[in-house]
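Undergrad: Start from the sequences and build out the full structure, keeping to the hints where you can.
Here is what each chain is made of, one letter per residue.
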Amino acid sequence: MASIKDIQRRIKSVKNTRKVTKAMEMVAAAKMRKAIESVLKTRTYANLSWETILNISKAANGAAAGHKLLVKRDKVERVGIILITSNRGLCGGFNTNIITKAHKSIEMHHKDGKKVEFVTIGKKGIGAKKYYGYDVVAEFPKEDIITEVKEVYDIAKLVIDDYTSGKYDKVMVAYTDFVNAATQEPRVKQLLPVDINAEDEYLGVVGSDTRVGTTKEMIEEKTEKHLSDEKYDLDYTFEPSPMEVLDEMIPRLIEVQLFQALLESNASEHSARMTAMHQATDAASDMISELTLSYNKARQEKITNEIAEITAGANALSM
Amino acid sequence: MKLIKFEIVTPERMVLQEQVQQVVAPTKAGEITVLPGHIPLVSSLQSGVIEVKNEKGEYEVMSVSGGFLEVLKDKVVVLADTAERAEELDEKRIEEARARAEESKKDIRTFDRERFASISAKMAKELARSKAAKRWRKLKNID
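Residue numbers (the working numbering), protein chains in the order written: chain A, 3 to 321; chain B, 44 to 186.
Because the hints were derived from the structure by calculation, they are not lab data. No experiment lies behind these values; they were computed from the predicted model shown. For each residue, glycine too, the CB sits at the ideal point set by N, CA and C. Treat each hint with caution, since some may be false.
From the structure, some residues in chain B lie toward chain A, with a derived Cβ separation under 8 Å [said to hold, decoys possible]: (1) Leu-84; (2) Val-120; (3) Arg-178.
TA: Shown next as structure tokens:
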């Protein structure tokens, strides 16, 4: 059994740890509030614009035919994935979850010899290389609090250029959807080409509302609602011209999607960290009470021993 | 009476969502009016004034600066970069903002192209806001 001194030392150290985790929990909670506020503000816009653009992609055999960002390539050989992670650890399974999710989805849909490359946002994205050996071609820094769409311009430009130039045949973004403070959902979404016929798993409207079209049917159902009663030929007219409008619109909406994904991930990260730190604080408290118990036991034992010795000594003398 | 479901959102918020009779919007190709049963249309917007006539036949006026317009059969979605409703606008402050933008435009015209563009955009935005406020006052007969 550990000595009383040892136990005392351990209690002290665990108490210190608890102070740290408690403080981190509170910091994360404050950051989370801010992050949630901004994620909710832009969600409507992001969702509506994503629906719009998916609708347009459906009509892509009409006037929009042949736009370079809408056309599905016959052969997909190289896939680019934008991976959004946190900068720091101590946030539970947050980073592991999203990296595993990205890895699994690659295994599922792109197993047969396709070349996959990662563009990471956030320092922990390097895990994709460390654990699964993927190539990381670009690392973007991530701010703790994100406020302006500007911050994703570079990333959006990079992937759009790489897609247009033929370096990638598909671009996806792996991020963590913020459902609520207790639940976060890692998700992989196809950004380019914009295609309503992509695998259901890859469609997804950003956001927590699971009823918002995450599958093709749901989005189509919604579209049909927009179009009301009779069957309606969804052949958009574009003004001034299809190419002009789409050239401006698609990159803009891709930026918005990326921005929203970043906000969602941020809110998720802070919530995950808060939960993790809360659990750590609880665990520390449990440990302290256990240690205190054994400390008391050890102390009592020592006292009993001493008394026994003293009485034995006294007995010996009085004999 | 046939109505259109009208929605205008910006990255910050949902500005207006209601049933309307008609929508007038400034697209890059000129001002258009959308009535119920319009063919599906996608167009990009320029800075200007959006006017909608609501269910009761009253006009609502909004300023927008850039964005997109999607017309579905009985629905109009405006994805605006920024948008404000005219009654939220304070004309005096707009004039001030515009004057400031103009001033800084003069200052930097010579050297910084990017900033010049951003200030020009700002001016267009303020101009749209001021137009919207004026139009609103005219419609409501406020002097």
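Undergrad: All hints, please: hold or fail.
TA: Now for the hints, and whether the structure bears them out:
1. Leu-84: 5 Å, holds
2. Val-120: With a minimum Cβ separation of about 6 Å from chain A (threshold 8 Å), the hint on B:Val-120 holds.
3. Arg-178: 23 Å, violated
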